[in-house]
Structure formats: C-alpha cells, structure tokens
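Participant: Could you put the whole structure together from the sequences, leaning on the hints where they help?
Next come the chains, spelled out residue by residue.
Number of protein chains: 4
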Amino acid sequence: MVNVAEPDCRRAWQDRFAAVRAHSRWLTEPLSPEDHQLQSMPDASPAKWHLAHTTWFFETLVLRPHAPAYEVFDPAYAYLFNSYYEALGPRHPRPQRGLLSRPALDEVWAYRRHVDEAVARLAQDADDDTWAKVVPTLELGLHHEQQHQELILTDILHAFSLNPVGPAYRPLAQWLGRVGAQGDGHGGAASAEFAAAWWPVEGGLADIGHAGPGFAFDNEQPRHTVWLRPFELATRPVSARQHLAFIDEGGYRDPRWWLSDGWSCVQSQGWTAPAYWQAPAQPHGAWHAFGLHGWQPLDLDAPASHLSFYEADAHARWAGARLPTEFEWEAATATTPTPGLRGIGQVWEWTASPYTAYPGFQPTPGAAAEYNGKFMVNQIVLRGGSRFTPPGHARPTYRNFFPPATRWQCAGLRLARDAP
Amino acid sequence: MVNVAEPDCRRAWQDRFAAVRAHSRWLTEPLSPEDHQLQSMPDASPAKWHLAHTTWFFETLVLRPHAPAYEVFDPAYAYLFNSYYEALGPRHPRPQRGLLSRPALDEVWAYRRHVDEAVARLAQDADDDTWAKVVPTLELGLHHEQQHQELILTDILHAFSLNPVGPAYRPLAQWLGRVGAQGDGHGGAASAEFAAAWWPVEGGLADIGHAGPGFAFDNEQPRHTVWLRPFELATRPVSARQHLAFIDEGGYRDPRWWLSDGWSCVQSQGWTAPAYWQAPAQPHGAWHAFGLHGWQPLDLDAPASHLSFYEADAHARWAGARLPTEFEWEAATATTPTPGLRGIGQVWEWTASPYTAYPGFQPTPGAAAEYNGKFMVNQIVLRGGSRFTPPGHARPTYRNFFPPATRWQCAGLRLARDAP
Amino acid sequence: MVNVAEPDCRRAWQDRFAAVRAHSRWLTEPLSPEDHQLQSMPDASPAKWHLAHTTWFFETLVLRPHAPAYEVFDPAYAYLFNSYYEALGPRHPRPQRGLLSRPALDEVWAYRRHVDEAVARLAQDADDDTWAKVVPTLELGLHHEQQHQELILTDILHAFSLNPVGPAYRPLAQWLGRVGAQGDGHGGAASAEFAAAWWPVEGGLADIGHAGPGFAFDNEQPRHTVWLRPFELATRPVSARQHLAFIDEGGYRDPRWWLSDGWSCVQSQGWTAPAYWQAPAQPHGAWHAFGLHGWQPLDLDAPASHLSFYEADAHARWAGARLPTEFEWEAATATTPTPGLRGIGQVWEWTASPYTAYPGFQPTPGAAAEYNGKFMVNQIVLRGGSRFTPPGHARPTYRNFFPPATRWQCAGLRLARDAP
Amino acid sequence: MVNVAEPDCRRAWQDRFAAVRAHSRWLTEPLSPEDHQLQSMPDASPAKWHLAHTTWFFETLVLRPHAPAYEVFDPAYAYLFNSYYEALGPRHPRPQRGLLSRPALDEVWAYRRHVDEAVARLAQDADDDTWAKVVPTLELGLHHEQQHQELILTDILHAFSLNPVGPAYRPLAQWLGRVGAQGDGHGGAASAEFAAAWWPVEGGLADIGHAGPGFAFDNEQPRHTVWLRPFELATRPVSARQHLAFIDEGGYRDPRWWLSDGWSCVQSQGWTAPAYWQAPAQPHGAWHAFGLHGWQPLDLDAPASHLSFYEADAHARWAGARLPTEFEWEAATATTPTPGLRGIGQVWEWTASPYTAYPGFQPTPGAAAEYNGKFMVNQIVLRGGSRFTPPGHARPTYRNFFPPATRWQCAGLRLARDAP
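Residue numbers (this note's numbering), protein chains in the order written: chain P, 1 to 420; chain L, 421 to 840; chain G, 841 to 1260; chain S, 1261 to 1680.
It cannot be assumed that every hint is accurate.
What the hints assert, rightly or not - Label-pair distances were calculated between CB atoms; the ranges are:
| no. | chain 1 | residue 1 | chain 2 | residue 2 | range |
| --- | --- | --- | --- | --- | --- |
| 1 | L | Pro591 | G | Ala916 | 18 to 28 Å |
| 2 | P | Pro93 | L | Asp674 | 33 to 43 Å |
| 3 | L | Glu669 | S | Gly1510 | 52 to 62 Å |
| 4 | P | Arg11 | L | Ala617 | 33 to 43 Å |
| 5 | P | Ala168 | L | Ala496 | 49 to 59 Å |
| 6 | S | Ala1370 | P | Pro283 | 31 to 41 Å |
| 7 | L | Leu582 | P | Ala334 | 46 to 56 Å |
| 8 | L | Arg514 | S | Val1425 | 23 to 33 Å |
| 9 | P | Arg113 | G | Arg1096 | 55 to 65 Å |
| 10 | G | Gln1136 | S | Gly1510 | 46 to 56 Å |
To be verified - So, partial list: chain P residues that the calculated Cβ filter (under 7 Å) puts toward chain L:
| no. | residue |
| --- | --- |
| 11 | Ala19 |
| 12 | Glu29 |
| 13 | Val226 |
| 14 | Trp227 |
| 15 | Arg229 |
| 16 | Asp261 |
| 17 | Ser264 |
| 18 | Pro359 |
| 19 | Gly360 |
Said to hold, decoys possible - From the derived model, a few chain P residues whose C-beta atoms are all more than 12 Å from chain S:
| no. | residue |
| --- | --- |
| 20 | Ser83 |
| 21 | Ala123 |
| 22 | Val179 |
| 23 | Ala286 |
Everything labelled a hint here was simulated from the structure, so no lab data went into it. Think of the CB as a built atom: it goes at the ideal place given N, C-alpha and C, for glycine as much as any other residue.
Facilitator: This is the structure:
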C-alpha cells in the first residue's frame, strides 16, 4: 500500500486536489451569476450551491477535525451548505436552495480560495500521523466533488431546458477541446448492424465489488460472490434510432410494455418521448434534443439518453429482451479490455437491480456514514458513466443510483437476454 | 402429475372451490351492508368490491373462455370489477370503488351464486380437454380469492380504525373457533429469553423458488441458484415488548436508525409507533392496539405488527442486526421442519429484498400475465404469512410484496445477522 | 306577535316539527343502507350523516339546555355529528364522514325517534317560560333540517353521478306526486321569445332584508337601505338552450368571457359544459343530463342548471349582460306578486354579490352564532331556491351562498343589465 | 381639460416618464444580479422580471401601435414578459419566472434604454393626433410601473425573509434620504391614548369613486351613490402594540374571533403572529420583525403590518369593533384634509369589502381591458397606501386588492364601529 505520508505522495495529493477543484471552475465558467442561482426543481441544486457544498465538505470533514488553527470562513455556512448529514446538524431546506442569493457568487469563490489555501497549508504542515488520517477523507471529498461536477451539468441542463430561449451551456467545440469525446466513441450504430450484436458471457460464480487497489465508495464493498446464469449483453447501448422505433410503434401508448408504476408516470406526466426530445413540428421533419450545446438535431446513431428506468425497462421488453442486472453488467465489463462491448461511458446504463447493500456492507465510519447507505431503497442502480461524468471518475464497480422515474440524468440502456 | 380430468379429481376441485368461496362468506358475515361499502384510502377496497372482483375473475378467465353457454350476469360488471388488467379493458377508478353503492350487496351475492353455479355445471359438463385447460386458471382464481380474503380483513381493519367508536370486527372467541391460532403459536417470547436465540444457517449455493409439486405463482419461479454467506436468523419475530424498547429509547426520534426515505415518513406523517398502536394516556399506563377484536391491551409477547418496512429496518439497525434477504429467509425455512424457528405465520416478515424478477422469470401466459410481473419495482418482499392469511395459503417460497411505507398489513420482522 | 306559549300554538309547533322530520324520511326512502353511506367529496356528506346531524342539533341546542330529564342517546354522537361548531367541542373530520359505517342506519333512526319523542314530551310538559325560550331554537332547527334536506339531494346526486351504472334517485312521477313542479312552472322559454323579455325596475333607495313577521336567518338582517340605479332583469332564467348557444359559440374556450379565477378552473378541470351535462356521442345527437331521475335528455327549455358562478358570470358577459346584485334581485322580487318575473324557485340564481354582513349585522346569540357569520368570505350569494329546495323553505330575502367554483348545487342564472 | 398635445405638456410627460423610470433604477440599485433573479413563491416575481415587464407594457401598448418606425428589441420578450394578457398571446408560466436567468440583467437594462429612447423620440416626433392617442396609455403605463415598484419591494422582502442570513434591502438612513417617512408620520400611538380616539362620520347618501380631474384606474369608476349609516373610524391604524395584546390574549388560538376560512389558515399554516414577526427567544425579550432594513426590534407604536385580511378581521372582532367597508373608508377620507384621521399611507388598510365592479363599470377599452376587471372575485379591497408605495401613487379613491390570506404585502387595519 502507498505510504500517503511520504513527501512525493503529499505533492501528488496536492496536485490532484488542485486539478479537481480547477475543473469545477472550468465547468462553471460559462455560467452568469444569475445562472448560478437557478434551481428548477427540488431534486436539482444551483451551481453556486454545488460549489459551496463541496467546499463545506472539505471544511467540515477535513479541516475542522485535522487543522487546529483553521478559522471557519463563515459559521452560517454550516447551515446553508450541509446537504443531508443529520449528524452534522440542521440545514437549509433543499427546495429553497435557489433562494440563497446571498452569499453572492464572489463570496462563494472567496470561500473556495480560503479552503483551498487551508488544505494546501495542511498538506504542507501536518505531521505524518495527521496526514495519514486526512487522506481517506480528502480522497472521499475529491470523488464527492466529482459527483457534484456531474450534477452541475445535469442541473443546469434541466434549468436551461425550461427557458424558452433555450440557452446553450457551451459550444461543442469548446467542450471537446477540454473533455474530448466520452467513452470509446463507438456507442451508436446503425440498427441494421445491431441485430446480431450480442456478447455472450458465461455463468457460474462471479466476484462482484471493489477489491482494490485504489479508491471505491463503501457501497461497492465488500467484494462478494454471486451466482450468474449464462447471458448475453448487447454490444452497444440502445441508440436514439432504436428508441424512435419504439416510439413509432406506439411504445408510449401500450401498457403491455410498462411496469405498473411506469405506466402511471406515462399517463400522469404525459410522456411521449425521453426528456428533452422534441418531435418534428412537421411530418417527416427531424427530431431535436436539448443538450449542453443547446437545441440540436437528434443524433440517431448516438445512445438514446435522458430516459427513466421505466422507459428503459419498457423499451427492453418491447425489444424482446430485458435489462441486465448490475451483477451481469459488472461481470461482463470488469475484465479489461472488453473488446466486445462498446459505448461504455457514453450514457449511464439503467440496470434491473434495485440499489441495496452488498452482503456484509459497512458504511464508512464517522459522519460520512450517511454518504450512501441511507439511500438504499426506492432507487435503481446505473452503471458505466456518461459524457457528463468527469473523466476518470467512474470504474467498473461504480454504482450510481436514482429513483426509477428520474429523467434529468444522462441515462440510457443496454439490452440483455438469457443465453439461448 | 395428477390427471385433473379424472372424476375424483373433479370432485376434489369442486370441493375446494366451494370451501374457498364459503370462507369469503364466513369472513364477511360480521359486516353490515354499510361496512361492506367502506373504502378508507385508495390502496384499500370495500369488502363488497372484493367479493365481486374475485367472482369477476372466475367469470372472465374461467367461464367466458371455457363455458360456451355461460350467460354473463351483468355486462357492466366487467368495467366495475376489473382491478388492474389493462388487457381486459378499461375499469372503474380505484379510488372510487367506495362510491359503488349500486350494485347492492344482495346483488353481489346473487352474482356470486350465479358464477358458483356456472362453475359447478362446468365441472360437471366439461369434456376432459376443456377441463384440463380450466384447472390452472381455476386454481389461480382460488389463490387469488384467498389473497383478497386477507385484504378484506386488512382493509376493514383500516376503515374501522378511523371510526371513533372503534368497532370490533369479530370477538376473539368466534375467530379462534374457526381459524384457530395462527402459526405455531410460539411467536412471542420474553426479551430475557431472546438474546441468545440465534439460529445459524450455513452458506454456499442454495436453490431458491418453487420446484413443485403443487401450486405456486409465476413470481416464485423459476427455481434458481444463489450464493449465500453464512448467517443467523432470530428464532422468533421481534416482539411488541422489544419494539417498545426501541420506542422508549427514542428510536422514532433518531435519524441514525432510518433510511432517508423512512425518516421523511417519520417526520411528514408523525410516526411515533406502529399503526394502530396507542400510547398510554397516563404515565405507567398500558399501551393498546386496535385489531380485529377492537381495542385491546397490547400483547407484549406477541410479534410486533403493523410496522412499515422502514420501521422494521430501523428497528433492526438499532438492535445491531439487519433484516434477512428473502433468499436467506427461504433457505432457512424451506426445509421442513425448522425446529429452531418459531412464530412463522404470525406476522408477515419484511425482508431486505426489493421485489424483482427471478432469473428467467416468465409471466403466466394470457391475461393473467399482469398478475405479478408488472409490480416488480418500488416494493419489498415479505415472507411467511400472518394471522390474517387464510389457513393453507402461504408456503415457504411465497413472495408477498408491498411498498416500504405500508403499515396497514399485518407485518413485522425477524432479525438476522452475519455469522460471527 | 304570536304567543308561542299558548296551547294551540304548541300544537302547531308539534305538527310542524313532525312534518319537517317526516319529510326527511320521505326523502331518504329510496336510498339503500349503502347509499346512505356515500360521501363522494369532502364538501358533501352521507345521507345518514345528514339525518343524524340534524337530530344532534335538536338534542344539543333544544333538549340539553331545556329538558332537564333528557337522557343523551349516545355521548359519542356529540363528536360524530357536530358539523362545524367550535364552541361545542371537537368533531369528526369532515372528509371522513363517509367512513362512519357505525352507527348503522337503524341506530340513526332510533336516535331520531328518541329525540322526536323527547321534543314531543318537552312541548307537552314545558312551562310557559321554558317553552318561550325553546321556540326560537326549535324553529331554527327546523329551517336547519330543511337546508340539509336539500343537501341530501345534491349530495346523493353527486355520488350517483360517479357511479357508472347511473342510478336514478327516484322516478319523476313519484317525485311530482309529492313535491309537484317547483316554482311557477314558467322557467324555460324558447329563445326566440326571450330577446324582448326584460323587466324594468326603477332605481333609488330600497329597503333590503327581512323585516318580519316570520322566521329569517340572522344573515338576512337587519333590514337596511341601499341605493340602486335603474336596471332590468330578464323575465326568465337562462335556459339550457341558451347555454348550449354559449357552448356552441366556443364560450368555454374563449378567455374573454371569464374572470381570471374562472378561466383557471376551465383549464385545470377541463370544463366544457355544466356539471352532469353530457355532449352528444354522435354529431347532431342529443345532449343528456344526469339528475334525480337518472340520465335524461336535456330539457332545452328548462333553466340551465349545475353551473358554477364562474360559468354564470361568463355566460352573462357573453350575452352582453351581467348578473344582478343580490339587492337588485331582492328589490325586483320582494314585492309579491311579480308578474313580470318567471321561473323563480326552479334554480338557485347566482348573483354578482359576494356574501358579506349587512350593516349592523349581529349573529344569533349563543352556540348558533356560528351558523352563518363565520362563512362571510370567499362565497357568492344565490337567491330564489330550486326544485331541490323543500317547499316553503325559501323566501325573497333568503341568502344562499356557495364558493364560486361550486357546481353540484342546482344553480343557474338570470340576466340583468343597466337601464338603457 | 389639459391639451396634452401642447409642447409644454409633452415636456411634462417626458419628465414624468423619466422620473418614474428612474425610480425603478433607484429601487433596484441595492440588488445583485442574483437578487434580481429570486422568485420565492408563484405570487411573487423576480425584480428583473418586473423591470422587463413594465418595459414590455410600453413597448406593446405604446410603441408598437403608435411609433411606426419602432423596432422590437427582441421578439421573444413578447412571450417572456407578458404577465396575464390573454388577448396579447401566450406567455411564460408565472411560477417559472425565476428560471429566466437569460436574458441577463444587463440585457434587461439595454431593453429599458431601447424603449426609453423610443418613447422619447415618439414624444418629440409624433403629430398631435397621434400624441393625443398615446397619452392615456402612456399614463396608464406609468401608474402600472409604480404598482410594480411596490411589488419589487414586497417580493424581494419575501425572498430575503427566507434567507437565513437575513439580508437588509437598504439601510434605513439611505431609504429616508430618498423617500422620507411615509404618510403623515402619525400612525402609531400609545394604546393609552387610543381608546377614546374614534372619528365620527355622518350617514346618508355619499358619492363614491373617481370624478376627476387626474388619472384613475377603470375600477375606481364610475362615480356613484351609496347609502351609509353613521359610523366611526379609529383615528389611527391598529399599532403593533395593540396586535401584541391580541396575541397575548390568545387571539391566534381562539376560533371565536376568526372567519372559518381564516381559522383553517391559522391551523394549516401554523400562524401565531403576522408574517415576518418573530417572538422573543427568551421570556420578557423583545419581538423582532424582518423588513426592508433587515431584522429590527418591532416598533410597538408603528402600525401593525404584514397581516392577512383574516388576521385583520379577527383582530377587529376581538377588539369589539369591525373593519370599515371601502365606502365608509372613502367617505371618511375623501374630503381633504381629514384632520381626525392619522397614519393614512403607512400601511394598506384591509376593508370589509370584497372587490367587485362599481355599478356601471366599463373596463378600459383595448388590451388594457384585462387590467383590473377580470380579478373581481375572491379578493378584498385595501385602501390608503403604504410605506412601500411610491410617493404620489395612491389617492382616496384608489382600490388595491389581494386575496384574504395574503401576508406579504404591507397591510394592516383601522378599526370601525357603528355609531353609538
């Protein structure tokens, strides 16, 4: 195991801290102070709040316990920027985050600098014992900030989608210049090519979950054994073209394909296509989709995205297939390389698995115990990552999770079926 | 396999049909016409509706396809008494079932007689081929009616609980005279006796699901393999006394024990004890509970019941244990006898398992395809049966399921823990 | 003034009491025990509850204060059957009245007999002083029961309208045999005849409100002066035919005619016609309406009914007219006879007047202070009575009131306009 | 009548236009771009939206019809900044105004300059006929902007009140330097002085409504006659001290004082004091109130403010008095000077009058017809103006109106009673 107290290692941590923090700046550069303020639904948060909350995490879990001389930037922030940690005291109501015009964006950036400098001083001054205690929480904080980096994008996209002028978050070229294309760039495919593309996976006992080295969240552990029957995975995520076929064949009007709760959503919320998709105004016109680069013609060969679990599940049933379980997904992809599977990392892939604890699960000790475990009900696991995910953040054992009606995340599906 | 077309076998089916149908009459005898009308929440249904809906099931799935001379009792009933079968046409809105004062209770009983007689004629007259086709659906219909028999009780209990005069459904003696004590009669236990009572179960590969002979629902199939780690089950369900200890130690006020969604329920709905439990009006007074026999002092040694999954899960965490998965539960109990486990069949036992499809799951063909599969999301599996369950209805592979906030069912919990 | 303590007068009161109470029986005769239980929305009450509540009124306000030997029928009824009298203690939640299957209908009738007999004894035995105190409340109780007699009908009609089998409350012939045609029988009129039919009324000072003799509610008093400008009233209520013209000309799709709150109702609740009206299934087919005698072809010459205030107001604006104020209505109709005005008493007529206190208003002393005054906000005055109103109940100064979105009452409109 | 086409008159209009527009700038100067974005409830709007909407009014109703060369600033604004004018096309949903981070604040100010310059050019270039047509709408637009100036303050106050850091809109000194003390500065009074202070007004016929000269809204017209009984008005609005007495005597816990709908609000929303009032944290501590200058000790001698109509009405009933009708209020105050009445213009004074049309009411012709008339239901009239009202905006015939549960306006009450 790495000796995290060694000088080189400290420098590496400092660099990594600086890099993650700088990425948050790059991500929010296109946003005006007013944009930073937007909260378009209770499940989303303002970009400014994300910037402050991720900073509060370091202040509260790294600096306050481990940096004795640290001066809290503003005592009120403990209330304003705690998200859901009951053990850390009361907090501002989630649906009212968008009302915090004060502190201003400038003050939040001053807060970030204040904390960044204190972390840098801690990395420099801490004795080895202290530093060894700091590192696990520091690392958790960086992964935590990366999760919020993705939410900054999904949340601003939702807010912009409700603005009739349809603002573009960032031009495509600018985005690609920094982030590049996500995944392996082979996600979409013409449907003609698709039919035969099943990737067989053998059954039997499989080891699931993180075994190190490197970081993983508590919910990816402990590594454990499951029994799998032989199955097949589609070599690519379902494309927009394939999902248009589902739409064209009346998929959103036929209860046969839907779970009962999903059909209720279709009817009560009037779903006729994924979120942000707009049907042609004229017959034979083009579908459009709203994304980070504004309204664009729908890319038919790219993975279908902004589907709820209900839509993913219905599509799979209509296609005569099913969603893979998260164990099937992990077993098929954990071995690097997986030459038969393309498009991983382009859209989060809904699995068939409700989000539950692995056998022997133990939450992270301390305040971070609330990080993952208390959400293990009413959610579905997604795997793989998306183009909204910061580069390097996801891994084969990574378990993302959202309620089944969620559509504002960049999520699609990959088909599975039992071995013939 | 039994030849269901043989005369003796037909008579056995007729007897069984008559017995199940007669039990519905016995169950509803204490209810006035007004009681039959009550619908106290959208999830519950009036007793009269249950009586008609179970009859509609036989009319629609047995008589109409297989008894050519059958005359439909009233064409309007197809709309009034369909529950959720999309393939069988539109239906009366569920929350408005309580508004169907017409047809009157007498008419519903006439409907039941009409269908009972038609089924009897069919059993007598059908040729062997027809009868062989009839039996699977007839059997499904009987198990379906038994499920509704349990709901008749849980639903009327909920309705009566909201009546300030607190009506008793039936005197205890009358109930015991017919149904007897449920389970093995050894559910409760003094807490002193409890601590040491763990029943160890070995790990490894286990076969889960129904393998025949006899009836099972589609959701109990196919039988398949899972890998289990060694674990222990409590020999008895958690008693009311144990749950009072959870209450007394502030369990309903401490977010540490609760899933996030559960804590939201506690706060928004003001939960301070299980449903139907009433705290003492005076210090050192007795707790009471509302049940089928009216308001009674809480039986401290009986299994705690009318808990939601959230409460069961929180209790287990507080007790330093956890809920068993449904696979652990089945593996531990499937072998008859299980001398180490008591109290099975007294309260439905919440498991840790979300309700999902078994690997290779195929819904029952035909209209009954909607019976189970379309509910496989947002629900938690319960196992074992309760004193509200008709005798003989449950079995070790039986999977009951309800949303995690459900409290009007007779549900409690049994603790589990990893092997030391 | 009448000496209410004289023997003849006592007998008259007894007869009147018996007659009003008997009318409640006649009204509920067609209803089964299940029908008596129905509560189809929070604003409506079960017929059984109306029967008990009106009886509770006599028990609480007449017998308990004035009949020393009176034995309360059941102490629980004070909680179950209080409607909204804060001064008389807590009460069963209004939306849960439909859950009171117990006490059974038979018990409620026993309650009524118990109270009827006690009132009869009181009339016989009370000394003159006591009797003089009893009479005002007794009379109030009779008018109160008549108001609930109307609600029994409007509430059961609403409940039956939600039953797909569309039960008829009572055959028309049976109804007419007892109640007769309501009003003067001249409500409807061909539209051709209508145009010229304005009834002019002079302006100036007018006296408004009840001046005696005879009973009136506190809200009709004190009699006071208003200044009116000259105006004209339509000689007949707006007919169904006229309102169909409003519908046909797109009235329910054009915001110009509607108050802002009314337009919100149109859109959020999808109003396209009055409540209980059903458009033709085929082009050129007939409109139907659901009423006390079941589904019937819409009577085009009868007054349009089951309109909200918003619809009445929009119709008037579309017709180039307006609604009369309640003062205009009373000034025009208070003088008997009013040969120019027809159709009074067929439908309650929405006025332009919000329901407020008359200058110098004083609530009835005692518990009945809550009878009218505390509702004097957010409601609109209706005048005249309807075919659902018990014969003899309404009078020219009578002020009925409901919130402006109310549609389950038998309400329509009469046009008014400024004098040319 | 003034000849609005004369050069001097044109200059006067230009000056007045410039002055009103400049006041909007002064009012919003303390607000950051993020503050401008806040919408804390559907009834409130962001300051930025107010700035744009008032500009859209001039663009749409003045420039587009009357300035042929005018170039629309941005066609999208017609959709974004229309408030509720159905005749002017569809509009952005009111509850989503806070999501319009684009256009940015700078762009809205560019819009204002664009329109201001175009209005200036129109004033210079228009021929006399055109100008004569322009002036009524221009004047309406200025009064419209003044109404929104008041809303800018009430809306930001509501938003700031939900921010735990309690931002002050503006220091008191800065406010007084520009606006000065409102009203006559004699609103509050020690309660000892209060008791005897009733101002008697004679009854009889009174003329109500605007008779010119000068501007008035359509809803203040036509002037008409009412009959009043003699009455008395309190010489001062109810003070905070008086309302604390109501609180201390249990006023918020006693249903006797409350209208039924008001009592429902008290219970469902947990009212225990006016909006923005905070009870002492310690016994014998001081009450505080949140206002434009942040959290301040409650000024006991100032008029109680931020009361709903329900609280005003309950207070009056508790005090043995009542609210005046709007006619009483106007009759008592219309004669200048009214030496007996103090404090007018410090808080809007709830009257007893629902907001309805005056006899003979005709809406302003054209698109502005929707300005007032369509809101004439479910609202209560307030009179007098408040310290939030722009100087010179209100007048004795001015009718403000809000729903009875409204608390975010600066509203209080003045007691009235019948003449002894």
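Participant: Mind listing which of the numbered hints don't hold for this structure, in increasing order?
Facilitator: 2, 3, 4, 8, 11, 12, 17
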